[in-house]
Amino acid sequence: MKKWIVMLLSALLMITPITGFAEESAEKVEISFSVGDDTLQINGTGVQVEKPYIAGVGVTLVPLRVITEAFGATVEWVAETQTILLSYPDVKIVLQINNPVAEVNGKAEALLYPPELTANGFTMVPLRFISETFGATVSFDEATSRITVLKESVSQEGSLVQGAIEESRVGDSYYKWSMDTPVGMEMIERSFDGIHTAFQKDENNTIEIIIMPTEKDYDFERDFSGIKQTLQNMTLVAADKDTSDANKKTMHFQAKDKSTFIDFWMYVTKDFTYSVAGSFDAADTETRTEGSRILKSFDLSFTNSDTYDLSNVKDGYRTFHAESMNFKINVPRNFYMSSSEDIENEFTFRSLDLDDDVSLISVGIYSASAVGSAKELAEKDYNHNKNLLNPELATFSAIKEQIYTNFKSFEYTNEIHCKSEDSYKRDVFFSLGSYVYNVSVTSKLPDPMAASTVNAILNSIVLEKIDSDAVGILMRNDMETDGFYTVEGTKFTMQVPATYSEVSNTGDSVLLMDNRTATLMQIDVEYSDGAQFKDVMDFARSRERELKTDKEVTILKSTEQIKLDDARFSELLYVTETEDSKSYTREMIGMKNWQVLFVTVIYNELTYGKTLLKETDEMLKSIAIK
Amino acid sequence: MVNFTKKCLIAALACVLLTGTASAASHVRVYVNGMRVNEDVILQNDRTYVPLRAVSEAMGAQVDWDGNTSSAYITFSEDDAIAQLVENVSPSVVTIVGNYNDGSDSGQFNNPTMHGSGVIYKNNGHIITNAHVVKDIKNLTVVLSSGETYPGRVLFSDEAADLAIVKIEKLGLTPITMADPSTIVSGKTAIAIGTPISLSMRNTVTKGIISGVDVVLPDSHYKILQTDASVNPGNSGGPLLNIRGELVGINTSKFAGVGIEGMCFAIPVDTVTHAISQFEQHGKILRPALPFTLQESWEAKIGLPTLKGLTVKNVSGGELANGDVITALNDIPVHSLADWNEAIKGTYTGNGITVTFTRGGEAYVSHLTN
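Chains A and B supply the protein sequences, listed in that same order.
Under the numbering used here, think of the first position of the first sequence as 1, with each following residue one higher.
Under the numbering used here, think of the first position of the second sequence as 1, with each following residue one higher.
What the simulated footprint calls covered on chain B by chain A, stretch by stretch (three residues with Cβ under 8 Å from a Cβ of chain A suffice, anywhere in the stretch; the number is not a length): (1) 33-42; (2) 91-102; (3) 122-130; (4) 138-150; (5) 164-172.
Cross-link-like lysine-lysine pairs, in silico, DSS-like; alpha carbons within 30 Å at most: (6) K138(B) x K328(A); (7) K51(A) x K122(B); (8) K122(B) x K92(A); (9) K138(B) x K28(A); (10) K28(A) x K122(B); (11) K386(A) x K419(A); (12) K258(A) x K296(A); (13) K28(A) x K284(B); (14) K92(A) x K170(B).
A short list of chain B residues far from chain A (calculated; beta carbon distances all over 10 Å): (15) S186; (16) I209; (17) S220; (18) I243; (19) K308; (20) A321; (21) G346; (22) T358.
If you are wondering where the hints come from, they were derived from the structure by calculation, not from laboratory data.
Here the structure is a predicted model, which means the values were calculated and not measured.
We put the beta carbon where it would ideally sit given N, CA and C, even for glycine.
Just chain B, with the same shape it has in the complex (with noise of 0.2 Å):
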C-alpha cells in the first residue's frame, strides 16, 4: 500500500515539475468563435500564454513556422475569416427534402421531391426554416451537413410570418448564434449558406452585403432585409450570416422578384427570435382578432414614406367605425400596415391593444379588447 501511493506522488510530482509554471493552466478556457480550443493555457505573470497553432489555425489565420531561424510566419486576410466561418457554421446549416404529392394516382406513381434550408437554433435538433418549405410536405427529411439524414417533423408553422420549426431526434448539434439585431445595418458582409436548385448543391456558399434593412414588400408580413448575396429556390429557409457568423436573416427566395438581378430578401433575426418565443410560449404567433380590417395609405402601398395612418374597414363590431384612421398602436407610431404588424409583434402580449386614432379631425385613445 505503502509503494503504491509513494510511486504515484513521486509520478505527480514529475508532472507537476514538468510544467515549470506556478499554477495549473488548464482552468483556463480559450474560445475562438464559441468554439472551444482544447489545448493547453499558460499563465506567467497574469498574462495569458495561448498555443499559436492551435488558436490561429482556429482563426482561420495560417501558420508557417521555420525551425531554423524558430520564426512564426502567421497570414490572415478576410477570406481566411469568411472560410473559417463557413467550417464552423456549416454544421448548423440543414437540408430539408420531402415528398409533395397530392395523393393521386399520378402524386404516388411520380413522388416529386422538393427542398428546402433550415438552420439548427438549439442543440437539440430545433431547426427554423419558411413556412412555405414545410407547406404540404410528406415523408420530411433533413440532410446533416455531414450528409446523415433523419425524419423530420414540422413543430410549429406560421405562413404570414412564413416561419416554422421542424424537430428531429438528435441530440448534441451546433446551434447558430443569434446576431444583435442593432449591429445588422446596410453595407455589411452578408454570408448565405443553403442548398439551392440541387441537392448536389448542398450547403453552399454566396456572399454579398446587406442591401436594406426594414425594407417591405407587397407580400411581406413584416419588415424583411433586402441583400445581393445570391438566393436561389432551395436556399430558402436557410442562414444569412454576418462575417462573425452569427444569424442575421433568415433567407426566403419567396420574395425574389422575376427577373431582378442582385436583390434576394431575408426575415430578419429579431422576426426569428419573436417567431421561435412565441411558438415556445403560446404555441402559435399571437395577433389580436380584429373586428375590422385596415387600409394603408397609397403612398405607403408604394413605399414612400408617409405621415398617414391606416383608415378602418369593415367593421363589424367594437368601437371603431369604418373611416376611423388609426395612427398609433400601443403608441407606436403605424404608416403602414408593415408598421402595424412590427408593432404587434413587438408589444402585443394577449391582452388587448391601444389605439390611437382620429375621427372627424378628432384624436381619440381606445383600448381594444382581444
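Excised from the complex, chain A in its bound form (with noise of 0.2 Å):
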C-alpha cells in the first residue's frame, strides 16, 4: 500500500499541464541556429537551452521549450507514459519517449527518430518533423552549417474559382448598347474593337451582335425591303418598322422554316447602325423563346448597374495584345481591326470614320535575319519610298533617331498630297532580339492625329522578347521584283519583272499592268517597211498636237528623241486630270529593225517617280525583234 501511495502522489505532482503562451499562430515563426548553439534565434530573441543536437540518420532534435517559445504551442506531459501532447491550431500531435511513431490529429505518422530524454532530464523533439507539422519550412544552409525554421504569417493569398459573370445584362459603354445577359449560352466571339460579339448555345442556337458605321447614303426603306426579300425562302413571321424617331430607326424581323427560327433586329442611328441576330433550331422552343426574349432586352443604352461591360475601352483606347508575339499597342477607340486576326505577325488598324480611308495604324514584325536591322529596314523602306513616289507629291524628313517609352527607334516621316491622298506618315523601325518590328501611323490631312496622340500610341508599347525557338522565320511579303519573265510578241520579246502581269496579248498588241501600282503599259508593234526615224518624229508630233487640243490634257513635256541603249525613241510627256484623279502619261515610239513600237505608259500620280520611270526604261531596253 505504501508503495501505492508513493506512486501515486508521484503521478499526482506530474500531471501538471504546462501551459504554453497564447496561440499566436497569424504571427511569423522564425528559429535559426547552428549545430552546438545553445543559444537559440527564436522569433527574434536569443533564448538559451539545451543544446541540440543530431541524432539517428541526421534528424536534429531540440528541446520542447524551443517548440513552445517559437510556435507558441501548448504541451501538455503524462508522466506515466512519458507522453507529450502538443496542441496547436488545428493541429495536435502526440510525441511519446522513445517511440518513433507520433499521432498527428489521431493518425500515426512513422517518426524518423523518436523524442527522448538526456541524461540530465530535458525532453528532445524531433525539430523537422514538428516544424513542418505546424506549418513551418525546415532549411541547412551547408556553408554556414546554420539550420532555419521559418514560418510566413498565414495569408490566404489567391482567389477562389469563379464562375460566368452574374450581371443580369451585358453590353459596351462604348457603342452604348446592353442586353439581358444570355444565361446558359458561352461567348465565343468578341472581336479586338468590339464590332463583332457572338454568343451560342450549341452550333444550332446563336445570337449574333454586328455594329457597323452607317454609311452617309443608308436607305433604310431600301434595305427593309431588301431584307424582306433575302427571307423569301422562309416563312416569314413578323416584319415590322419604327422610323418615329429619326435618330434611331428600328427594324424587326421574324422568320422560320423547317429547321431554323430566325430573330433579327436592326437599330439605325446616325452614327452606327447595329445588328442583332438570333438562330435558333426551330424545334427547340425552350431556347427559341428565351432567345427571342433576349434579343427583344436588347437596348440602344448602357448603364453601369448591373451591367458587365465588355468594352475594352480605358482613357481613350483600346489595347491590342498579341500573345504569340509579345506585344501590345494601345489604339485608339475609334480604330477597327481591319487585318485579319488569323495573321500572326502583321495588324493593321483603320479609323471607323466613313470619310477616313487614310488614317492607318499598321504592325509589322519580322526576323532580322530576313530584313536586316531596324536601321536597314528604316533605310531599305525609306529609299524604296523616296524612289518610288513622286517627289513632287511625297515629302520625305530624313532619317532620325527617336526614344520611346520601352524602345529606341530609326524612323522618318513622309507627307503625301496628291487627288487620291493627303496623308501625313510616322514610319518606326526598332528591334528586340531576333526580330525587327515596323510600326507606322498614318493621319489623314489636313486634319491629323496631333502628334501627342501619334507618341501616346507609341510610347504605348508594350514589347518582350519572342521566343524564337517557337515562333520561327517572319518574312516581310514584300511583292518585290522577284525576278524577270519574257513577254512573247509575234514579232518581239521583252523582259518584264514578275511583278507585271500580263493582262491582254493579242500578238502584236499587249497590255501590261504593275500590280504594286496599277501602272499600265501598252504596246504595239507594227511592219515598217522603209519607215524612217524622222516619220516617227512627225508622227509623234501630230498626235501632240491632237492632245492639245483636250481639255483635261496638260503637255509636260514636248515630243523629244530620247535613246534608250542604241534604241531611238520619240517620248512625249502629259498629265490626265480629272475631278477624281491625275496620271501621267508617257507616249513614246522607237524603231526597231523594221518594226515600230508604240509604247503608251501610264502612271498614277502618286507613283510617278524614279523607281518606275527607271523600271519602263529597262523594260523597253530588253525589247528584241524577233
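Now that you have both chains on their own, put them together as the hints suggest.
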C-alpha cells in the first residue's frame, strides 16, 4: 500500500499541465541556430536552451521549450506514459519518449527518430517533424551549417474559382448597347474592336451582334425591303419597322423554316448601325423563346448598374495584345482591326469614320535575319518609298533616331498630297532580340492625329522578347521584283519584272499592269517597211497636236528624241487630270529592225517616280525583235 | 492545506481501486489502419484486452450485443473493410477546381472551369496531383472531403511524369500512406477515389483490380499501372488504393484510350515518391541533358519484349556517335525508352551517367558528364 501511495503522489505531482503562450498562429515564426549552439534565435530573441543535437540518420533534436517558445504551442506531459501532447490551432501532435510513431490528429505517422530524454531529464523532440506539421519550412545552409525554421504569417493568398458573370445584363459602354445576359450561352466571339460579339448555346442556337458605321447615303426603306426579300425562302412571322425617331430607326424580322428560326433586329442611328441576330433550332421551343426574349431586351443604352461591360476602352484607347508576339499597343477607340486575326505578325487598324480611309496604324514584326537590322530596314523602306513616289507629291524627312518609353527607334516621316490621298505618316523601326518591328501611323490631312496622340500610341507599345524557337522565321511579303519573265509578242520579246502581269496579248498588241502600283503599259507593234525615224517624229508631233485639244490634258514635255541603249525613241509626256484623279502618261514611239513600237505607259500620279520610270526604260531596252 | 491533500488522495485511491487491475493500461495504444482508437485498453496477465465495439467498428465490422444472453456478435466482410477504408481515406482525397480562361474577352466572360482530383500526402497541406490538371489553371481552389474550400498554389510540376504538387494553407490534414511498391501485383484489389465528370460526384469510389504493372504507353514517360477501376476525366490526380487504403498509384485519365472499356491507368507509387523527393530536394525532377536523342527499336515501340538497345541519333557533341546502340544505363539494361527513363529515375543523381553501348560490333562503356 505504501508503494502505491508513493506512486500515486508522484503521478499526481507530475500531472500538472504546463500551459504555453497564447495562440499566435497568425504571427511569423522563425528559429535559427547552428548545431552546437545553446543559444538559439527564436522569433528575433536569443534564447538559451539545452543544446540541440543530431541523432540517427541526421535528425535534429531540440528541447521541447524551443517548440513552445517559437510556435506558442500548448504542451501537456503525461508522466506515466512519458507522453507529450502538443496543441496548436488545427493540429494535435502526440509524441512518446522512445516511440518512433507519433500521432497527428489521431493518425499514426512514423518518425525518423523518436523523442528522447537527455541525461539531465530534458525532453528532446524532432525539430523538422514538428515544425513541418505546424506549417513551417526547415532548411539547412551547408555553407554556414545553419538551420533555419521559417513560417510566414498565414495569409490566404490567391482567390477562389469563379463562375461565369453574375450581372443580369451585358453590354458595351463605348458603343452604348446592353442586353439581358444570355444565361446558358457561352460567348464564342468578341472582336478586339468590339464590332463583333457572338454567343452560342450550341451550333444551332446562336446570337450575334454586329456594329458598323452608318453609310452617309443609307436608305432605310430600301434596306428593309431588301432584307424582306432575302427572307423569301422562309416563312415570314414578323416584319416591323419604326421610323418615328429619326435618330434611331428600328426594324425587326422573324422568319422560320422546318429547321431554323430567325429573329433579327436592326437599329440605325446617325453614327452606327447595330444588327442583332438570333438563329435558333426550330424544334427547341424553350431555347427559341428565351432567345427571342433576350434579343428583345437589347437596348441602345448602357448603365453601370448590374451590367457587365464588355468594352475594352480605357482612357480613349483599346489595348491590342498579340500574345504569341509578346506585343501590346494602344489603338484609339474609334479604330477597328482591318487585318485578319489569323495573321500572326502583321496587324492593321483603320478609322471607323467613313470619311476617312487614310488613317491607319500598321504593325509588322519580322526576323532580323530576313529583313536586316532596324536601321537597315528603315533605310531600305525610306529609299524604296522615296524612289517610288512622285517627288512633287511626297516629301520625306531625314531618318533620325527617337526614344520612346520602351524602345529606341529609327524613323522618318513623309507627307503626301495628291488627288487620292492627303496624308502624314510616321514610319518607325525598332528591334528586340532577333526580331525587327515596323510600326507606322498614318493620319489624314488637313486634320491629322495630334503628335501627342501618335506619341501616346507609340509610347504605349510594350514588348517582350519573342521566343525564336517557338515562333521561327517571319518574312515580309514585299512584292519586290522577284526576277523577270519574258513576254512574247509575234515579232518581239521583252523582259518584264514579275510584278507586272499580262492583261492581254494579241501578238501585236500587249497590255501589262504592275500589280504593286496599277501602272499600265501598252505596246503595239507594226511593220514599218521603209519608214525612217524622221517619220516617227512627225507622227509623234501630230499626236501631240491632237492631245493639245483635250481639255483634261496638259503637256508636260514636248515630243523629243531620246535614246535607250542603241534604240531611238520619241517621247511625249503629259498629265491627264479629272476631278478625282490625275495620271501621267508617257507616249513613246521607237524603231527597231524595221518594227515600229508604239508604247504608252500610264502612271498614277503618286507613283510617278524614279523607280517606275527606270523600270519602264529597262523594259524597253530589253525588247528584242525576233 | 492538509484537508485538501487528503481529499485528493482519497479521490485518487478510489480511481485506482475501481479500475481494479494491476497496471495503468492507458499507456497501451491501439491503432486500426493508422488511426488511434481512443478507448482504454487493459493489460492482464500479459494479454491486451481491447474495447470490443470500438476496435471492431474501427475495422468496419458490425457489432451486435444481446444483453439477455451476454453475447457479442461480430460480423465482418471484405465489403465492410472496403467501406471502412473509404471512410478512413476520404479525408485525404481532394477535388481541385479552377478557371481556365485564356485572358481573352470571351474567356473572361465565360470563365470556364475544369476540375481534377488530388491526394494529401503531408499533413501540412501538400497535395499530389497530375501536372495536366493544374496546367495553366487560375484561381486554383482545393475542396476537401468535408466541403471546406481553400485557395491553392502550384509548387512544382513535371509534365513528363505528369505529376504536380499543390499547397494549401491548412494544418492537421490526414495524409495518405504510401504502399510498399513490392506489394503491387496484378490481381490485387484497386480502389479509385476522385471526382469524375461533375463536381456533384465529389469523392466517389470505383473498384477494380490491378490489371497490369510496368505497362508502357506511347505517351507515358515512365512505366505505369493498368487497372479496370473506372477512371474518368476528373478522377485525374486522384488516388488508386489497395485494400489497406494505401496509395498504389495516382490515376491519370490522360492515357485513357478512346472507346476502350475497362482500361485505365495510374502512375505507380514509386514514381510518385521519386517525384516528391526530387521536388523537395532539387525543386524539379533531375534528368541529364543529353547531346543526342534516342530511338527505340520497332519491337519496343509496339511493346514486344526485345533485347535490342536504343539507337543514338542527332548527336550534337560528346563521345557518342550516331548509330551507336546503348544497351545499358548505369548498369541497368535498357531496351525501350521507358526502360531508359526508369533507369534514370532509379539511379541518376546529377553526376553524369554511365552508358554501355555497341559500335561496329564492339561493346564499350563510357561515362558521360551531365
